[in-house]
Structures are given as C-alpha cells and as structure tokens.
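Sequences are here, hints too, so could you generate the full structure?
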Amino acid sequence: MPLAVLIRRYLRDLVFGAVDGAVTTFAIVAGAVGADLGGGVILVLGVANLIADGFSMGVSDYLGTNADQGQPGKRRRACDGDPDPRGAAVATFLAFVLVGAIPLLPFAVHLMSPNLIAEPLWPSTALTALAFAGIGVAKARATVTPVWRGAAETLVLGGGAASLAFVIGWLLRGVVGM
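Numbering (the numbering used here), first residue to last: 377 to 554.
To be clear, the hints were calculated from the coordinates, so they are not data collected in a lab.
Backbone N, C-alpha and C fix where the C-beta goes; we use that ideal spot for every residue, glycine too.
Incorrect hints may appear among the rest.
To be verified - Simulated restraints, written as ranges between beta carbons of each label pair:
hint : residue 1 : residue 2 : range
1    : 416       : 442       : 34 to 42 Å
2    : 435       : 382       : 14 to 22 Å
3    : 412       : 517       : 23 to 31 Å
4    : 487       : 536       : 25 to 33 Å
5    : 380       : 546       : 39 to 47 Å
6    : 513       : 492       : 26 to 34 Å
7    : 388       : 494       : 34 to 42 Å
8    : 547       : 495       : 19 to 27 Å
9    : 377       : 521       : 24 to 32 Å
10   : 520       : 490       : 21 to 29 Å
11   : 384       : 432       : 24 to 32 Å
12   : 485       : 446       : 29 to 37 Å
As structure tokens, this is what we get:
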C-alpha cells in the first residue's frame, strides 16, 4: 500500500501519537528541569516514558478503534479507508516514540559530550517547538486547515502543556526538599 494512503488512513493516530509523545516527553523534561534534577535522571525518566507511555497509547488506540468499529450501527465489514485496529496501534506507538524522542536528544548528546551542549534545555525546547510546528503543518496539509493555523495551534497547545509541567516541577521542588 502506498505511503500516502497509509498516512491518510492513519492520520488521526499519527497526529495523536506524535503530539502526545512530544508533549509528555517534553513535560517530563520541563518538570524535571524545574525540579532541578540532573540530565541523567531526565534521560532515564524520558526513555522509560517513551516506551511505557508509547505502548500504553498504542494499546489504548487498538482497544478504542476496535470498540468504535464494534458499535451496533457499525457492524459492517471495514471499508478500505477505515483504520485497522492493529495498524492504528502501530501508527500511534511509532509516532509517539519517534517524535517523543526529540526532546531527549540534547540531553543524550550532553551526557555523551558535555562540552558540545552545555545547557540541553534550550536546544530541547527549540527542537520540541519545531516538532510541534511540524506536526501542525503536516496535519494542516492533510486537512483543509491553513498551514499557519495548524502550526500555531499545535505549538501553542503543546507549549502550554510543557509550561504547566515546568511550573509544577519548580513549585514542587521546594515541597519535596530538592
């Protein structure tokens, strides 16, 4: 099956996984930086989140798609354009892990070569912002949304979630004695 057809069929799952992967991973990064945790801790928490949350998202998408197709009014043979529950799960998982890894890249580089990236938060922020904008542009091109709106919407919503995580981490840092 051509890639363009697969992308159209699983667009919802790809966008859902990519946005959630970037948001949750960057939220972990922002919260951990706000709590003044080290780069190694951030990387461990981020990678654990990528795998566990990505898998959970994929399973949830599988179960949700399966339930949606099993509703009484939908007891029909799946059409060619309908997402297959297994395909939806794989699309969500892969998008989550691939895009969700982006905020962690500067922290991995920093741990391997501290002189190359002295402060990994700012490159992580910039790369995550580009990922949010890129997701929005891709989504907009596949729909009737203007490209600028798709990029801005995803960037603002994703940035808002990350900002909340940073503030919570910063506030709780004093509560737990870090």
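For each hint, the structure was consulted:
At roughly 39 Å, the beta carbons of residue 416 and residue 442 sit within the given window of 34 to 42 Å. Look at residue 435 against residue 382: about 20 Å separates their beta carbons, and that is inside 14 to 22 Å. For the pair residue 412 and residue 517, the supplied restraint of 23 to 31 Å is violated, since their beta-carbon distance comes to about 40 Å. Judged by the Cβ atoms, the range 25 to 33 Å given for residue 487 and residue 536 holds: they are separated by roughly 28 Å.
Hint check: residue 380 to residue 546, Cβ distance near 44 Å, so the stated range 39 to 47 Å holds. With their beta carbons about 29 Å apart, residue 513 and residue 492 fall inside the hinted range of 26 to 34 Å. The given range of 34 to 42 Å is respected by residue 388 and residue 494, whose C-beta atoms sit roughly 40 Å from each other. Between residue 547 and residue 495 the CB atoms are about 22 Å apart, so this pair conforms to the stated range of 19 to 27 Å.
For residue 377 and residue 521, the hinted distance range of 24 to 32 Å is satisfied, since their beta carbons lie about 25 Å from each other. For the hinted restraint 21 to 29 Å between residue 520 and residue 490, the CB-CB distance of approximately 47 Å leaves it violated. In this structure the supplied range 24 to 32 Å holds for residue 384 paired with residue 432, their Cβ-Cβ distance being about 25 Å. Look at residue 485 against residue 446: about 46 Å separates their beta carbons, and that is not inside 29 to 37 Å.
In summary, the structure is inconsistent with hints 3, 10, 12 from the numbered list given earlier, while agreeing with the others.
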